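Trainee: Each chain, written out:
4 protein chains.
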Amino acid sequence: MTLISEAGSGVSGNKVTNHSEHLYWQEPERELSLDERAALLLRYQRVRSETESLVDPLTAEDMQLQSMPDASPSKWHLAHTSWFFETFILRIHLTGYRIYNPAFHSLFNSYYNTLGKPFLRPQRGLLSRPSIEEVFAYRSSVDRAVEQWLTEEDVFSEQAKLLVLGLNHEQQHQELLLTDIKHAFSINPLQPAYREDLDIEPGVDEVSPPEWLSIPEDNYTLGCDVEIFCFDNEGPAHQRFQQAFRLSSRLVTNGEYLDFLQDGGYEEPRLWLSDGWSRVQEQKARGPLYWTRVDGDWFQFTLAGLQPLDLSAPVCHVSFYEADAFASWAGYRLPTEFEWEIAAWLHCRRDAADRANMLEARNFQPLAEVEPTGDEPQLLGNLWQWTSSAYLPYPGFRASADAVGEYNGKFMCNQMVLRGGSCITPKDHIRISYRNFFYPHQAWQFTGIRLAGELP
Amino acid sequence: MTLISEAGSGVSGNKVTNHSEHLYWQEPERELSLDERAALLLRYQRVRSETESLVDPLTAEDMQLQSMPDASPSKWHLAHTSWFFETFILRIHLTGYRIYNPAFHSLFNSYYNTLGKPFLRPQRGLLSRPSIEEVFAYRSSVDRAVEQWLTEEDVFSEQAKLLVLGLNHEQQHQELLLTDIKHAFSINPLQPAYREDLDIEPGVDEVSPPEWLSIPEDNYTLGCDVEIFCFDNEGPAHQRFQQAFRLSSRLVTNGEYLDFLQDGGYEEPRLWLSDGWSRVQEQKARGPLYWTRVDGDWFQFTLAGLQPLDLSAPVCHVSFYEADAFASWAGYRLPTEFEWEIAAWLHCRRDAADRANMLEARNFQPLAEVEPTGDEPQLLGNLWQWTSSAYLPYPGFRASADAVGEYNGKFMCNQMVLRGGSCITPKDHIRISYRNFFYPHQAWQFTGIRLAGELP
Amino acid sequence: MTLISEAGSGVSGNKVTNHSEHLYWQEPERELSLDERAALLLRYQRVRSETESLVDPLTAEDMQLQSMPDASPSKWHLAHTSWFFETFILRIHLTGYRIYNPAFHSLFNSYYNTLGKPFLRPQRGLLSRPSIEEVFAYRSSVDRAVEQWLTEEDVFSEQAKLLVLGLNHEQQHQELLLTDIKHAFSINPLQPAYREDLDIEPGVDEVSPPEWLSIPEDNYTLGCDVEIFCFDNEGPAHQRFQQAFRLSSRLVTNGEYLDFLQDGGYEEPRLWLSDGWSRVQEQKARGPLYWTRVDGDWFQFTLAGLQPLDLSAPVCHVSFYEADAFASWAGYRLPTEFEWEIAAWLHCRRDAADRANMLEARNFQPLAEVEPTGDEPQLLGNLWQWTSSAYLPYPGFRASADAVGEYNGKFMCNQMVLRGGSCITPKDHIRISYRNFFYPHQAWQFTGIRLAGELP
Amino acid sequence: MTLISEAGSGVSGNKVTNHSEHLYWQEPERELSLDERAALLLRYQRVRSETESLVDPLTAEDMQLQSMPDASPSKWHLAHTSWFFETFILRIHLTGYRIYNPAFHSLFNSYYNTLGKPFLRPQRGLLSRPSIEEVFAYRSSVDRAVEQWLTEEDVFSEQAKLLVLGLNHEQQHQELLLTDIKHAFSINPLQPAYREDLDIEPGVDEVSPPEWLSIPEDNYTLGCDVEIFCFDNEGPAHQRFQQAFRLSSRLVTNGEYLDFLQDGGYEEPRLWLSDGWSRVQEQKARGPLYWTRVDGDWFQFTLAGLQPLDLSAPVCHVSFYEADAFASWAGYRLPTEFEWEIAAWLHCRRDAADRANMLEARNFQPLAEVEPTGDEPQLLGNLWQWTSSAYLPYPGFRASADAVGEYNGKFMCNQMVLRGGSCITPKDHIRISYRNFFYPHQAWQFTGIRLAGELP
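Chains as they are written, first to last, in the numbering used here: chain A, 462 to 917; chain B, 462 to 917; chain C, 462 to 917; chain D, 462 to 917.
The set of hints was computed from the structure by calculation and includes no laboratory data. Some clues are possibly wrong.
[Unchecked claim] Not everything, but these chain C residues come out facing chain D in the computed CB check (under 8 Å):
#, residue
1, Ser528
2, Asp531
3, Ala564
4, Leu568
5, Gly577
6, Phe580
7, Leu587
8, Leu588
9, Ser589
If you're wondering where the values come from, they're calculated on a predicted model, not measured in any experiment. All residues carry an ideal CB built from backbone N, CA and C; glycine is no exception.
In isolation and in its complexed conformation, chain A is listed as follows:
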């Protein structure tokens, strides 16, 4: 059974109808047609404009905040995503292009050592210059140049693929922009809201118990091959033997996590991985990031400011250590990334991403899963789900030799894989084969818990 051959009926299949990419994606290098270039331009404009819409609620001062080395200022995200197009496309492929500002080359390089020494990450918040106006001007200039390139020059399919990579890269930064500003605002005692107008009322009183998807033992083919865009770390497609298992049809809720906490979960070393327990001790952690107790009641900080904890909504902003300890306490375990992917190929509807709580829904918060059924498990959206898989290369993986080769491969150590996308992931960005990765102690992403176990 080779699942990848059924990709057309999988989640990423919806992209096939949205984009004409598949026409040239696996063909030999060739020039793009005018229509293909027009489609690319449209998509480019849509992604770029989405990014800018996300900073609408922010002031110049907000956009400069960097509350920890892991995070970056919004301004930096705005500039860096433009730098990506300039560096990997414009300066190489647009005839006569002149670098917008040579100083930006180092300032807005994230981690491409191949391209020179990047500006120190922990100091990104110290760049009051260029101003936000200058960064927007930089964006506009890059946009005009990309437009010129797509309309006036010969564009070859390999170059188009780089552009699509750049767009996916920008979508990743859309998500980071939101998680980073959330973290920065959480430090401020004024507890500012990213948006005051969000509807954050609890939708349901109670969540039904999870159903369990049962998956039989077999050899499965996993990962993404190249008929549409995917990141290099999602391939090559390859075969894996999988023992039978079961997977919860929904995420763990705040209410369930509160039970764990109130049962002494943070005081019982036996539930924790050794490194996780050390963290808990050092940080005196007594609950997820953004949970806080005021006069006996639990609240959580959200993009709508401080809000009462909604017990029916999925628990959010947990570290891998917390997810793993919760699973131990509950008598289950986390799924491997392979289990998650197999379950998704087998159970997700073609339009699962469209129906999921993702960025376009503008909820900016995970929602309670009212009727999670085995028929339509909500595997996509809402929250990234920690898996028990270390982030490692797939069999046969080789990073490309150029600077873009630094994109993913060099991070394949010490991090854990997350799957599924979140309420702030653009819906045409997610794929069943998508591998997100963070260090096990990190919790500022929209991360949640889905349980797995052996067949009973």
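Chain A is fixed; fit chains B, C and D onto it per the hints.
Mentor: Coordinates of chains B, C and D only, in the frame set by chain A:
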């Protein structure tokens, strides 16, 4: 010989004619006259407006920068100085005054533990809210209230003294605002200038060798008593026996410091205090803060951006350790704060501050001392001068019991005294008895070196 | 193809003839026979006495050294291994046993939080008391009690398994004792030798190029089931699909690693994992731990003191990051732990451990592999081999619920698997299914590099 | 009034009768007589043998302990003090002397950068080699060589002074050896006693309230000139003006300090210096080093092991911050070092050191001061007394240009002066002019509190 009795002929004497404060400063508590209140208001408006003029060249993003825990954002300085008036005067003495924003009470408290837990200092740069507009609105509101108080209410002399303390406090923050923004800009690879329009051309080719002021052995009375404003740490006035000594009539220049550096000063442990040598090793320091070498030439970062090193100008931004090591190398020593003060009482002209390079001159940089003579040694302005005196209480010093008592006294440990004021100190803020203090490793203030020695 | 069914013909098979354990290992719980108890006692005495022989060359002062938090003093190893028998066997199973010294219960607990708060690991070197004589007395007392238990009491098979676990535990500490004292001696400028009398002459001038073992794609069964002792982390045995691959028949040599170093390997970020490159930058690493350059020649610190670098011997004391970077530079990759295990099941001779360079050979140093052939690849002994596999639970793994359950499972995060045993591993301790694990930055174990790649 | 002229009737006067040093101390350089050399040898032997008697109760393992970077192993003290004689005397002045072991030159150099790079201080505890036997052999060898030098060679007075410096140096290390082993033992949960046989019974039930010594305002001459040995930092003798003050006739007791603690002293920021308060917060300090509470009762760790807190004995092992906070709470202040010295010159009996609780009494613990009177204030012995004076050079101080010049001068920054000697200071080592110095946070020395204040 009791110098304090001659204060009228000293530097602080000029204040006597500027302000009517002396009329009520030492008298018993009494109500201020209308004229006295008008004079206070005028002065209040002048100081507050000066602060705001200093941030004219800055953007909202600039004003949020905090490049190290020792420094604060301009925005924070603007708010904290207002908080001072609100906290120590308005909320107590203005009838019916309502706190502008209760959250500001903790956000803009610097270190007054008596008043509750201040917001964490290293995170001041993470406050994008309140915005700079809100901070200016806060300032205006405080200004209106102070105006109301001074015009409409009975004001007693003890309250007036608190207001004058608040103004001196604000002047200290004017200086910090400039040193902090200088440090923040120095981190930015774009090396922005605070002001592009400064005249930073070297004024002279060569500086004459220093003359030496010779001071005889005697019992001197030092420190400030209360006929005009001075900080509590400047008193009580008290007697000291002083051995004969001599003091250089001018500051050490960049050229002289470069000789020390090129003679291997940073590689020779015998020249350094033990703690200083440890710092040099840890930080691999090879020159003053803000010195940098580009293609073999020395530059220094200034408030006018990166500039070639002016060999005739005084060396600036040295730590106490560097100042002490230089003095050892040169065969001299640093003066004690008492030696400095005695020399200043004996040699400074009444109008020394007016003639000095201080904030009002808007040079924002120390200037070469063209003709430093014993007749008119340039003890004031240009640069704060490290002394060899630890910052300790004078005999009989007692901090006041209320919150204002935290102003100075609790810092009397581990710091060294600096004297004289700098090119960014307001000229009506400095006094001969003025004791500034910083940790010996700190160098981001406008600090320089004046040598002393025994009589030959 | 199910390899585990052939365990009898694999490496661990030799244990079957050495020990009578297999008679009761998988049977239902039952009482041991007198002969079985006698065999256990003999083995106990042999292992305990081996530990003590290893500290023969050490003084009381040597045995107290702790040169980093990762390492422990020899004295602590001697005590902790005794504590293990006392805690998990004697105090539970020996009638009337009284704890030797209640204070030892916390002092010599390593990391079993279930048993109370262990003494702080980084301070183990600060325990001058109990003295080494007291620790030996503690060992003797435990030994006498175990002897009494095995000779006078009813012993059930589950208890016997705990004893065997304790013996394997002690063998692990034999290895750690040697790596820890090596590290401690390396800090001492006198560069003391653990043993002066070792033959450390290079055995061969040149090493032949590696041959490559080719392994076909298949479903393999991996891991250890329970017919003899293995650690819980080696099981359960389970099926895995494996792509075809090839594996080098020998380890990378010092000479080859020196080529990497001299080719600028430590200056080229593209060769390194991101976390590895950060380490290299922070530590200014320019070669493996224990390599040092004296007047242009390379030396390495060994258990025989400082010795000239033997270019034909395997490179030793490299971190995972270094192993991975070397593999990238060489155009290969590290094997997964599954690839290593499959190759070992297929190619190791039954007596491979007997023929390998392991602890009993008393070389205390890896030896050049003279004729590494596909017929008899030297997969066991010499050096632990970094694999590209993160240390994770096998499908179906569950740690046991009691204190012994903390033995392995809680470390299954952030560490990498090593395979094969080293020149200081006891030969009856190693197994083909054996999974060792360390953090990727650690290099003080006897760790080396074996390359893998795709079939050409 | 010039006190130094009365030194003969002061405390150090007793040395005049003990030693013949005064005969050559201030004379021009000349050869020593046979008698003078014999007296020196006797003193040398006495001091050296005292050091060795102090390690009698210690094992080889004890003597290797280094529990923090500030402390050193006993073994290191034994070796370093020998290194001092070898380096500064034998290798220069003994004809034909050959360095005992060149490696020791760096290993046992403390901080003389002039003599090459010392072995890293925090790693002194990692030197298991040389063994304690080798260190004793080194001591013996140095002793024989010094004996040979004193008996067979011409010895000049400048050389004799170096020897006396070496003996005073060794006495300082006798004290450090005891404080360091006390700290190391305190880490061990077994709480070992340095000596089991000490009489630690509380001597008195209650201590009388302090009397106050009143000292009039005057010009005093302070510091030590050269008619007998004193450290360079005690000179030059110089004049100081002193305001009138009063000084407590006894030390603050454990009972009084407990009142401070129970009155919330550690929770009230207003009592603390800013840096002290930061320390208290960071370390969650709630009492002096070595105080511990067991089941509601207070104990303190002593050189006789853990003992009930003796409320009548002086409080011991407080930091400067604690001493200063206590004084604030009590409504007094700490004396300056000058006040302490003036009071001592005026009030100490000639035989004060003989009558004090010092090392020779072998109490190893401060004793309650039963009848502290103005007639005979117990200024010497018992505990070093924190003064409010920063450790700074006296007017005219110049460190000597050679390596011995690193002895004191380079530490004249960031430390505070302590006066008086302690129960573990040799009685012929203390002087009224003696300036001890430690960082304000340090508390592992035998440090206590004496209050001062203004005249009522």
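Trainee: All hints, please: hold or fail.
Mentor: Taking the hints in turn, this is what the structure says about them:
1. Interface restraint check for C:Ser528: the shortest CB-CB distance to chain D comes to about 5 Å, inside 8 Å, so the restraint holds.
2. Annotation: C:Asp531 was flagged as interfacial toward chain D, and the flag is violated, the nearest CB pair being 14 Å apart, outside 8 Å.
3. Interface hint status for C:Ala564: upheld, as the beta-carbon distance to the closest one in chain D is roughly 6 Å, under 8 Å.
4. Annotation: interface hint on C:Leu568 holds; nearest CB of chain D at approximately 6 Å, less than 8 Å.
5. Given the 8 Å rule on beta carbons, the hint for C:Gly577 is violated: about 12 Å separates it from the nearest Cβ of chain D.
6. Look at C:Phe580: its Cβ gets to within about 6 Å of chain D, closer than 8 Å, so that hint holds up.
7. Here the hint on C:Leu587 is kept, as its CB sits about 5 Å from the closest CB of chain D, short of 8 Å.
8. Interface restraint check for C:Leu588: the shortest CB-CB distance to chain D comes to about 6 Å, inside 8 Å, so the restraint holds.
9. Among the interface hints, the one on C:Ser589 holds; its C-beta lies about 4 Å from the nearest C-beta in chain D, closer than the 8 Å criterion.
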